[in-house]
Amino acid sequence: MISVKDLYFSYTKKPFIEQVNFEVESGEIFGFLGPSGAGKSTLQKILTGLITTYSGSVKVNGTEVKQRKNSFYEQIGVDFEFPSLYEKLTGRANLRFFNSLYQKQGDVETLLASVGLLADADKKVADYSKGMKSRLNFIKAILHDPDILFLDEPTSGLDPSNARLMKDMILKEKAKGKTIILTTHNMFDATELCDRVAFIVDGKIKALDAPHNLIMSKGATKITYTYAQNGKEKIEHISLRKTSEDELLSRLLKDNQLLSIHSSEPTLNDIFVELTGRHLQ
Amino acid sequence: MRIKALLKGDISFQYKYGFYFLYIFFSAIYIGLLFTLPESWRGEAALLMIFTDPAALGLYFMGAIILLEKSERVLDSIAISPVKPVEYVLSKLLSISIISTVVGILIGMAGGVISNVFYFCAGVFLGSFLFSAVGLIIAANIPTLNAFIIATIPASFFISVPAIAYLFGVKKAWMILHPGVSMIELCTSGQNALPALLVLIAWTALLFLLSSQVVRRMLLSVGGVKL
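Which chain is which? The protein sequence lines are A and B, in order.
According to our numbering, the first sequence is numbered sequentially starting from -2.
According to our numbering, the second sequence is numbered sequentially starting from 25.
Don't read these hints as lab results, they were simulated from the structure.
Keep in mind the model is a prediction, meaning the values are calculated, not measured.
The C-beta atom is built at its ideal place from N, Cα and C for all residues, glycine as well.
Treat the hints with care, as some may be off.
[To be verified] From the structure, some residues in chain A lie toward chain B, with a derived Cβ separation under 7 Å:
(1) THR45
(2) TYR70
(3) GLU71
(4) VAL75
(5) PHE77
(6) PHE94
Sequences are here, hints too, so could you generate the full structure?
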């Protein structure tokens, strides 16, 4: 669905995106994960044809992006980080207008209902909450039933309940077979939603794999236990794979002297820091 | 029929954002003013008002529309839609030109200056189209309303001064090569109305092509790259 080969791009004389290569399969959720300024949004702009002055090859749905025609946008949908809507028009009027720009047009009423905005459809967008604007912006991106959906920080600034709604909407699109490119610096979203993620730092891909594989390849699950010794609480950490070799743990278990025991997996953020030396947030 | 959809959207946008109210407001003031003037002045005063209506209002309204769309990030949505720059420009310019022509006819009727309906309507419509294109070109390259207003001063001066001079008696045949003068010549159905029509069509076509190029660059600049 998407094929990027030897991509290079620069805003100035200094390279900004360098030697980027990856492919995205149809029906996959692919995440660009990285800190602010790493090049994620620039990559998305290249993929969506907003930047065409790149070198290398970027093919989206079989089209070399720098040679795209306007019909290219019938096949892709883009949900920007910030709402891009007429604030003084109602939610319904906004959707009807943007819907009318496409050959394949969606059912505005059904889409409004699907995100719980039908009752507020005649309110001006300026009167919408941030969560409502985000939901409206999302369904604006899928009005024309695009094959590929580009989402830029879709849960950014949303409260947990609206973030959940947004993630459910994304998963619903995946269930329909859509290919989704997700740009985020939120490791939890990436872990939950993405089939594969690319770690982007300084315009380069530092790692690319399924979140689970990245976690398992670098960090084994650890066990942390505490026990009392000479009236003081002591703490020990061991790898899950080495529990049978830990004589202290065996003895504490046998004598029922453990105060606590926990297992913990590293997060995608831990792996990101380990691989790139940078923090996501 | 994307142009029809765009035009409908632009008219709806201009209505909701109060641009039509401003047109009605200014037209009412213009027409009211006309009737306070001595009858012998009305013809020239009406033409001056018609000239400033599409020229000044079209230019400033178009600037305001573009700056509003920029501030609400609507251009981001347009840039990733199938809308072509030429369609975007055509719709914007038509939407302003249509309302300007209606307002121009009302003022023209009140001032009793419409001697040839075709030339008069063509003059107002093409003049408005052209001056709105100038507003669009300026607004596309400018981030704030204050900067826009300053940037329009030389354009307004270039458009208005020769046209007003022509209206009030400085009449040389070669002056109809100027777009503002050709508009006045058309609206008054002067003896050079036909060449003036051709001149105004040429200017309008040129400014339309130029504004389409400018909008193409503006939409691509959503990606952060200046071409």
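Hints, one by one, checked against the model:
1. THR45: Interface hint status for THR45 (chain A): holds (6 Å vs cutoff 7 Å).
2. TYR70: 5 Å, holds
3. GLU71: Given a least distance of 6 Å, the restraint on GLU71 (chain A) holds.
4. VAL75: 4 Å, holds
5. PHE77: 5 Å, holds
6. PHE94: At about 4 Å, which falls below the 7 Å cut-off, the nearest Cβ of chain B leaves the hint on PHE94 (chain A) intact, so it holds.
In summary, the structure agrees with every hint in the numbered list given earlier.
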